[in-house]
Amino acid sequence: MSTTKTTLGRRSFLKNVSLAGGGLVIGFSWLASCKEAPEAKAMGIEMPKEWFELNGFLKIGDNGIVTIMSPNPEIGQNVKTSMPMLVAEELDIDWANVIVEQAPLNTDIFTRQVAGGSQSIRASWEPMRKAGATARQMLKQAAADTWEVPVSEIKTKEGVLIHEASGKKASYGEMASKAATLEVPEEVVLKEKANFSIIGTSKKNVDGKKIVTGQPLYGIDTQREGMKIAMIVQPPAFGMQLKSIDDTEAKKMPGITNVLVIDAYVDDQKIGFFDQAAFPKMAVVVGDTTWQVMQAKKALNVTWEMAPEYAKEISAFGRTFNVKRPVGLENTNDHIKAMQQVNSQKITLARKDGNPEKAFKNADRVIERSYSCPFLAHNTMEPMNFFANVTNDKAELMGPIQTPEAMEHSISERLDMPLENIDIKMTRMGGGFGRRLYGHFLVEAAVISKEIGAPVKLQYSREDDMTNGVYRPAYYATYKAALDVNNNLIGFHVIAGGIPESPLAANRFPAGAIDNYLAETWSIDSNITTGAFRAPRSNFIAGAEQSFLDELAEEMGKDPFDLRLELLEKAKNNPVGENNDYDAARYAGVLELVRKTSNWDSDTSKNRGVSAYFCHNSYVAQVLDLEIENNQPKIKDVYCAVDCGIVVNPDAATNLVEGGIVDGIGHAMYSSLTFKDGKPDQKNFDTYRLIRHNEAPENIKVDFVQSDTDPTGLGEPPFPPIMGAVANALYKATGTRHYHQPFMGSQEFKG
Amino acid sequence: MATYNLKINGKKHQVDVDESTPLLWVLRDHLGMVGTKFGCGVAQCGACTVHIDGNATRSCVTPVSVASEYTITTIEGISENGDHPVQKAWIEHDVPQCGYCQAGQIMSATALLKNNPSPTDEDIDNAMSGNICRCGTYTRIKKAIKTASNTNLS
Ligand code: FES
Ligand code: FES
Chain A
1 MSTTKTTLGR RSFLKNVSLA GGGLVIGFSW LASCKEAPEA KAMGIEMPKE
51 WFELNGFLKI GDNGIVTIMS PNPEIGQNVK TSMPMLVAEE LDIDWANVIV
101 EQAPLNTDIF TRQVAGGSQS IRASWEPMRK AGATARQMLK QAAADTWEVP
151 VSEIKTKEGV LIHEASGKKA SYGEMASKAA TLEVPEEVVL KEKANFSIIG
201 TSKKNVDGKK IVTGQPLYGI DTQREGMKIA MIVQPPAFGM QLKSIDDTEA
251 KKMPGITNVL VIDAYVDDQK IGFFDQAAFP KMAVVVGDTT WQVMQAKKAL
301 NVTWEMAPEY AKEISAFGRT FNVKRPVGLE NTNDHIKAMQ QVNSQKITLA
351 RKDGNPEKAF KNADRVIERS YSCPFLAHNT MEPMNFFANV TNDKAELMGP
401 IQTPEAMEHS ISERLDMPLE NIDIKMTRMG GGFGRRLYGH FLVEAAVISK
451 EIGAPVKLQY SREDDMTNGV YRPAYYATYK AALDVNNNLI GFHVIAGGIP
501 ESPLAANRFP AGAIDNYLAE TWSIDSNITT GAFRAPRSNF IAGAEQSFLD
551 ELAEEMGKDP FDLRLELLEK AKNNPVGENN DYDAARYAGV LELVRKTSNW
601 DSDTSKNRGV SAYFCHNSYV AQVLDLEIEN NQPKIKDVYC AVDCGIVVNP
651 DAATNLVEGG IVDGIGHAMY SSLTFKDGKP DQKNFDTYRL IRHNEAPENI
701 KVDFVQSDTD PTGLGEPPFP PIMGAVANAL YKATGTRHYH QPFMGSQEFK
751 G
Chain B
1001 MATYNLKING KKHQVDVDES TPLLWVLRDH LGMVGTKFGC GVAQCGACTV
1051 HIDGNATRSC VTPVSVASEY TITTIEGISE NGDHPVQKAW IEHDVPQCGY
1101 CQAGQIMSAT ALLKNNPSPT DEDIDNAMSG NICRCGTYTR IKKAIKTASN
1151 TNLS
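Taken in sequence, the protein lines are chains A and B. The numbers in our numbering rise by one with no breaks, and the one at position 401 of the first sequence is 401. To convert, take the position in the second sequence, counting from 1, and add 1000; that gives our numbering.
Everything labelled a hint here was simulated from the structure, so no lab data went into it. Warning: the hint list may mix true and false statements.
[Said to hold, decoys possible] DEER-style ranges, computed between Cβ atoms:
#1 B:LYS1146 / A:ASP581: 51 to 61 Å
#2 B:ASN1115 / A:GLU555: 49 to 59 Å
#3 A:LYS394 / B:GLN1014: 32 to 42 Å
#4 B:GLU1019 / A:LYS252: 33 to 43 Å
#5 B:LYS1007 / A:ASN392: 52 to 62 Å
#6 B:LYS1146 / A:GLU313: 54 to 64 Å
#7 B:THR1003 / A:ASP267: 48 to 58 Å
#8 B:GLU1080 / A:ASN507: 29 to 39 Å
#9 A:GLU126 / B:ASN1115: 47 to 57 Å
#10 A:LYS394 / B:GLU1019: 36 to 46 Å
[Stated by the list, open to error] Here are some of the chain B residues that sit facing chain A, going by a computed Cβ distance under 7 Å:
#11 CYS1045
#12 GLY1082
#13 ASP1094
#14 GLY1136
[What the hints assert, rightly or not] With a straight-line Cα cutoff of 25 Å, these simulated DSS-like cross-link-like pairs (lysine-lysine) come out:
#15 B:LYS1011 / B:LYS1114
#16 A:LYS210 / B:LYS1007
#17 A:LYS358 / A:LYS570
#18 A:LYS243 / A:LYS59
#19 A:LYS204 / A:LYS157
#20 A:LYS270 / A:LYS425
#21 A:LYS606 / A:LYS558
#22 A:LYS209 / B:LYS1011
#23 A:LYS210 / B:LYS1011
#24 B:LYS1007 / B:LYS1114
#25 A:LYS750 / A:LYS732
#26 A:LYS210 / B:LYS1146
#27 B:LYS1143 / A:LYS204
#28 B:LYS1143 / A:LYS636
#29 A:LYS204 / B:LYS1146
#30 A:LYS701 / B:LYS1146
#31 A:LYS168 / A:LYS178
#32 B:LYS1143 / A:LYS210
#33 A:LYS209 / B:LYS1146
#34 A:LYS480 / A:LYS570
#35 A:LYS59 / A:LYS178
#36 A:LYS596 / A:LYS634
#37 A:LYS701 / B:LYS1088
#38 A:LYS732 / A:LYS606
#39 B:LYS1114 / A:LYS209
#40 A:LYS243 / A:LYS450
In this text, all values refer to a predicted model and were calculated from it rather than measured experimentally. Glycine included, each C-beta is placed from N, C-alpha and C at the ideal position.
Work out the full structure, taking the sequences as your base and the hints as a guide.
This is the structure in structure tokens:
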């Protein structure tokens, strides 16, 4: 058994307070804080201050029912179910007796109440389990004191405290109020992994019933007495801004109460990393119902003008980011030309091992291929929206946001209101994928509510949502390999960049596996705003790299698995360079597993492609089979092997992997956002293609590597590599290599 | 503005709205029935699917003036206690990720199974391809429909 300290420093990692109605409340935080919450003081309780500071807690009712708060925003990645499972495991409670509630946001302590970077389970693995274990320890102590027996003789089983020698038993509920009076133990014992009874078993989505019966769960479902509906009118093109409005007609429309112009961000305002906003100045129409506001938007006359250059320095995560948006109306055709040009000119060294120049000079053959992908819109199925009720001294907000804490600061800055007067409630989100990291819509809602003096729900139409920016950047990469006369790989060179950022991860595989390695990077400024999109950067570079390795294997006369495994063997035994950011053995592990599950070595008649990638601390390898039917590719089977350490909720994890695969296939094959004179060509799903039911794989088989390693990311890692698997299988089926996403945009399939 | 009498989930409702107002917004804004979701507004995503006289219909493009002539069923009305075989199959397969598209998916699936209790894969593809799921739950949706197709549908 491993003992683990409950404190991070002495300062109350965990504190307990008595609930007014009896029962034990344990709060837990990811980072200790010494700040005191004002509310606690006002209540005059001795020890409860941390209660208000904490970002999550569990409650035990005297009937034995346990409420576990889920601290992080739920975007479909299952944290609302799987994070409380960690608490329940160590508390040793029957999962059937657990109620899960979304925790409130508390910003007095900096906590990681973020949905992003596939980090929720990884970051909460210890603190959540400790919270459960600490509560259990206190309940045991309460029982021991009551029964006057040593605490070491008390056992627990699914919410019941047991003293075998005397035959005494009590439910957690019976001991909760006593436990609440006890000192929080400084150390607790966490379960051996082999003894887990909840972690590693499949638990159904805690919101499942509400979802299938259509109960209100999402931000868009928010309704309030006296609530108005607001919609935005934004510039028609990137590079433009609002000049003036004529609201004569719009104001006369039925149900319309206000027409106004807002600055979501003002010039002298401190801008945070997640304040990315394409159009800080907008026209807004407010009315009684959504349909009325939609009609009035059409009647609003707006004059636009060219936007000046925008340059801002943002400090975040200990770094400085320069955001630059040049003047002009941009076009996709120009983007492609510019990327091709810059790719061969304005490059910066990112990593160099050995002597790549010499290797390429001495090469018998050089293979060079270039890859690209377009901008993408996130297109969460629930369009951006937020509820705000701002009065003189208080701001109440509610809705879908991946970064509630960061946005609380933005609101505070914009409204000049202290943080403690701002309350942001998190709703279940109809998708995130990175889009809702950037909460400008929440600031917009707050500003509108303040201006009109009423509670308001800001609602984006799909068109507003799709043309509002924060896109996945456009990327471009060129790979070169030097082969000697014996077909040995003697040099490797990658040049990658994009608009406005580079997708290069210079220290990832195959860095470390090749003696002479060169990685170079570049970027081009743009006024089209971009942001994180499911597995940022990896979502392109994985597919490009894995397609190139496939072609390289063919040129070298090797099986594509063998080439990868040989390179990984070298990286494992004799790594080149020092900063290789992957574990070659785990990488090889997923490849070997999927080789087996897909029967790669015996099923040689199929059109199949393999691909593997490592990101967000997890390893994924995939094999994809497809056939051409009626001149169109039809995906048949996908085999996937994942190493993300311990799997907390296997069926939900499998669902997430399946979804990542379907989503990845869709974006590689169909999705694209293009521009003419700064205007997005696609504004709704009639022109913007997302993968549909009939285009999804027929079967997806997911296997997890059995592991004792602490859990790592899962929301993002299955997404990037599948794009390479699609490209490689397409080649097998058609004999043509596909270098440019979306693949279905090629002449071959357009016919 | 005009007054419309609507038959929704076996109950009568009266609303006073412009005749062009789509049923979607009557449900959501006027009647507080928010189970039916807004996704695109142009009949492309299926999030707003309801049954009109038993047929899967995009409520975002169905004016209230048309809808008022028929019997309407929404996600809130397909079962009393959330125990319609399709709802049960959805839970059994733990289909939802974010869950936002699922009301529409379920409404399309229930309409399909009502007319065609044993659909082929192709039938399912045809009936379900108007419903987008960005989370990519399509393979589970297909499995859940098959599970529900073997049960007795009333
Ligand atoms: S909202 Fe009606 S089909 Fe998309
Ligand atoms: S479950 Fe998220 S869109 Fe379908």
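Going down the list of hints, with the structure as the test:
1. B:LYS1146 / A:ASP581: 51 to 61 Å: Taking Cβ atoms as reference, B:LYS1146 and A:ASP581 lie about 43 Å apart, which means the hint is violated.
2. B:ASN1115 / A:GLU555: 49 to 59 Å: For A:GLU555 against B:ASN1115, whose Cβ atoms are near 54 Å apart, the range 49 to 59 Å holds.
3. A:LYS394 / B:GLN1014: 32 to 42 Å: Between A:LYS394 and B:GLN1014, where Cβ atoms are some 37 Å apart, the hint holds.
4. B:GLU1019 / A:LYS252: 33 to 43 Å: violated (19 Å)
5. B:LYS1007 / A:ASN392: 52 to 62 Å: violated (46 Å)
6. B:LYS1146 / A:GLU313: 54 to 64 Å: holds (56 Å)
7. B:THR1003 / A:ASP267: 48 to 58 Å: holds (50 Å)
8. B:GLU1080 / A:ASN507: 29 to 39 Å: violated (58 Å)
9. A:GLU126 / B:ASN1115: 47 to 57 Å: holds (53 Å)
10. A:LYS394 / B:GLU1019: 36 to 46 Å: For A:LYS394 and B:GLU1019 the Cβ distance comes to about 40 Å; the hint holds.
11. CYS1045: Because about 5 Å separates B:CYS1045 from the closest Cβ in chain A, which is inside the 7 Å limit, the hint holds.
12. GLY1082: holds (4 Å)
13. ASP1094: Since the shortest Cβ distance to chain A is 5 Å, the answer is holds.
14. GLY1136: holds (3 Å)
15. B:LYS1011 / B:LYS1114: The hint holds at about 21 Å.
16. A:LYS210 / B:LYS1007: holds (23 Å)
17. A:LYS358 / A:LYS570: holds (21 Å)
18. A:LYS243 / A:LYS59: Roughly 54 Å between the alpha carbons, so the hint for A:LYS243 and A:LYS59 is violated.
19. A:LYS204 / A:LYS157: holds (22 Å)
20. A:LYS270 / A:LYS425: holds (23 Å)
21. A:LYS606 / A:LYS558: holds (17 Å)
22. A:LYS209 / B:LYS1011: holds (23 Å)
23. A:LYS210 / B:LYS1011: Measuring from Cα to Cα gives roughly 21 Å; hence the hint holds.
24. B:LYS1007 / B:LYS1114: With a Cα-Cα distance of about 20 Å, the restraint between B:LYS1007 and B:LYS1114 holds, given a limit of 25 Å.
25. A:LYS750 / A:LYS732: Holds. A:LYS750 to A:LYS732 sits at ~19 Å (cutoff 25 Å).
26. A:LYS210 / B:LYS1146: holds (22 Å)
27. B:LYS1143 / A:LYS204: It holds: about 16 Å lies between the C-alpha atoms, which stays within 25 Å.
28. B:LYS1143 / A:LYS636: holds (15 Å)
29. A:LYS204 / B:LYS1146: holds (19 Å)
30. A:LYS701 / B:LYS1146: holds (18 Å)
31. A:LYS168 / A:LYS178: holds (17 Å)
32. B:LYS1143 / A:LYS210: The hint holds at about 20 Å.
33. A:LYS209 / B:LYS1146: holds (19 Å)
34. A:LYS480 / A:LYS570: Given that 25 Å is the threshold and the Cα spacing comes to 20 Å, the pair holds.
35. A:LYS59 / A:LYS178: Holds: A:LYS59 and A:LYS178 sit about 14 Å apart, inside 25 Å.
36. A:LYS596 / A:LYS634: With a Cα-Cα distance of about 23 Å, the restraint between A:LYS596 and A:LYS634 holds, given a limit of 25 Å.
37. A:LYS701 / B:LYS1088: Measuring from Cα to Cα gives roughly 23 Å; hence the hint holds.
38. A:LYS732 / A:LYS606: holds (8 Å)
39. B:LYS1114 / A:LYS209: Measuring from Cα to Cα gives roughly 22 Å; hence the hint holds.
40. A:LYS243 / A:LYS450: Holds: A:LYS243 and A:LYS450 sit about 22 Å apart, inside 25 Å.
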